[in-house]
Amino acid sequence: MLPRIALLLLLATGPAIAGPGGEAGRYLEADEYLQSVFPADMPEAKTLWVTGDVRDAVERMLEHRFASLRVRYWYDGMRSAWILDEIGKELPITIGVAVADGAIDNVRVLEFRESRGWEVRYPFFTDQFSEARLGSDQRLDRKIDGISGATLSVRAVTRIASIALLLHDQIDDVN
Amino acid sequence: MTSTNGKRRARLWFRRGHRWVGLSVVVFVLFLAISGMTLNHASDLGLDRRYVSWSWLLDAYGIQTPDPSASYEDARHRATLLGERLFLDGLDTGQRLSMLTGFVAVDQLVLATAEQGAHLFTASGDLVESIDLQAGLPGPIERLGQVDGRAVIQSNGLLFRSDAEFAGFEPWAISPSKEIRWSAPSPPDAAELTALDAAWRGRGLTVERMVLDLHSGRIFDMPGVLLMDLVALCMIVLGLSGLMLSNSRYRRENGTKSAKRD
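Protein chains in written order, with the numbering used here: chain A, 1 to 175; chain B, 176 to 437.
I should point out that these hints are in silico values taken from the structure, not numbers from a laboratory. Small disclaimer: the values here were computed from a predicted structure and weren't measured. Cβ coordinates follow ideal geometry from the N, Cα and C atoms, glycine included. Keep in mind that the hints are not guaranteed to be accurate.
Quick partial rundown of chain A residues pointing at chain B, CB under 7 Å, derived from the structure [said to hold, decoys possible]:
id : residue
1  : T47
2  : S68
3  : L69
4  : R70
Use the sequences and the hints to build the structure in full.
Pasting the structure below:
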C-alpha cells in the first residue's frame with residue numbers, strides 16, 4: 001500500500017518537482033521567422049491602424065483592450081505575416097502567424113516568458129491551425145485541442161491566430 | 176471508585192480544554208477560511224488587478240519609488256524611466272525598458288527610444304506601436320532628436336530619419352542647412368516627482384498579495400507567521416481531540432447499551 005501511495009504522490013508532485021523554469025525563452029528571432037515565411041524575397045514592413053470597427057472586432061476576439069493602435073505586417077501580395085503579443089497569464093507571448101488566401105499557413109511561438117504553458121510552442125499544438133479560416137461568427141472554423149495545464153496559453157495563441165486572419169482580410173481589402 | 180472518578184475528571188478537563196482551544200481560535204479559523212476562499216477566486220474577483228493605496232501599508236512593505244534613471248521633456252510632455260517602467264506625463268505606460276535614450280513630441284505623437292527600439296504614443300498616452308529597431312540599426316540607439324517634424328536617431332555615429340508616421344527609419348545624411356534638435360535629459364520638478372511617486376507606489380501592491388500575506392500571517396513578519404503556525408497547530412489538536420472525544424462517547428454509549436442488554 002505504502003509504495004502505491006508514494007508513487008501517487010510522486011506523480012502528483014512531478015510538475016512541481018520539475019521546477020517552475022520549464023522551457024520558457026526566445027525560440028525564434030522575428031527575422032528568422034520572417035525569412036521562413038518569405039524565403040525568396042522578404043517584403044518591406046507595412047503598418048495597419050487598428051481603429052474603428054476593426055478595433056471593436058479585435059477587442060471582441062481578445063475579450064480585453066487591444067494594447068496598440070497600430071500593428072506591423074509583411075505582405076508579398078499573397079501571403080502576410082504578423083508578429084503579435086498576447087498575455088498568457090501575466091506576461092506576453094510573442095506569436096508569429098502567416099496567412100495566405102484567407103487561411104492560416106503557419107503559427108509559431110517566437111517567445112514565451114512565463115513559467116507554465118510553454119508546450120504551446122510544439123508543432124503538435126501549432127499544426128492544428130494550418131488551413132484554419134475565420135467562420136461567420138469570427139471564430140476559427142475548427143476546434144483547437146487544448147493542453148492540460150496550458151489553458152491560458154492555448155487561449156492566447158488561438159486568439160492571436162483569429163486576429164491575424166481578421167487583419168489579413170483588412171489588408172486584402174486595402175491592396 | 177477513585178480510578179473511575181479520576182478518569183471522569185480527566186475526561187472533563189479534556190473536554191474543557193477542547194472547548195477553550197476551539198473558542199480561542201474560532202476567529203482565526205473563520206478568517207483563514209474566508210481569506211482562503213477569497214484567494215481561490217482572486218483572479219475572478221479581480222484582486223490581482225486592484226491595488227492598495229494606503230500609504231502606511233506601502234511604507235510597511237518597503238515599496239519606495241526609485242530615483243528616475245532618465246527623464247526628458249518636450250512640448251510640455253515628459254517621459255521618465257523609474258526602474259524599468261516608462262512613465263509618460265506621470266502615468267505608467269505599461270512599457271518596460273532597460274534604458275531611455277531620448278524623447279520627442281511631434282504633432283500629436285510622442286516617441287521614446289530605448290537602446291534597441293522605440294515606443295510611439297499618442298499625446299494622451301495611448302500606445303501606438305512598439306517598434307523593434309534592432310535589425311535596422313548598426314548598434315544601440317545613442318540619442319534621439321527631431322528635424323522638420325521627423326524623428327532622427329543616432330546609432331553608431333550614423334543618422335536615421337523616420338517617415339512622417341514614425342513607421343520606419345532610413346539612413347539619412349543631414350544637409351548643412353538643417354539643424355537637429357536633440358532631446359536632452361532634464362530632471363522632473365517637485366510636482367512631477369509627487370505624481371510619479373503616487374503612480375509608482377499605486378501599482379506596487381495588489382489586493383491579492385495583501386490577502387495572501389494576511390492569510391499566511393506574513394504581513395506581521397515572523398510573529399504573524401508563528402501566530403498562524405500556532406493556529407494551525409490548534410486546528411490539528413482540535414481535530415484529534417474531537418476524534419478522541421467522539422470515539423470515547425461512542426464507546427461509552429455502546430458499553431451502556433451492552434450492559435443494559437445483559
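Can the hint on L69/A be confirmed by a CB-to-CB distance to chain B that is less than 7 Å? 5 Å, holds
Interface hint for R70/A, Cβ within 7 Å of any Cβ on chain B: 4 Å, holds
Does T47/A pass the interface check with chain B, least Cβ-Cβ distance below 7 Å? This hint holds: T47/A lies near chain B, its Cβ roughly 5 Å from the closest one there, short of 7 Å.
Was the hint right that S68/A lines chain B, CB cutoff 7 Å? 5 Å, holds
Consistency with the previously given hints is maintained throughout, with no hint failing.
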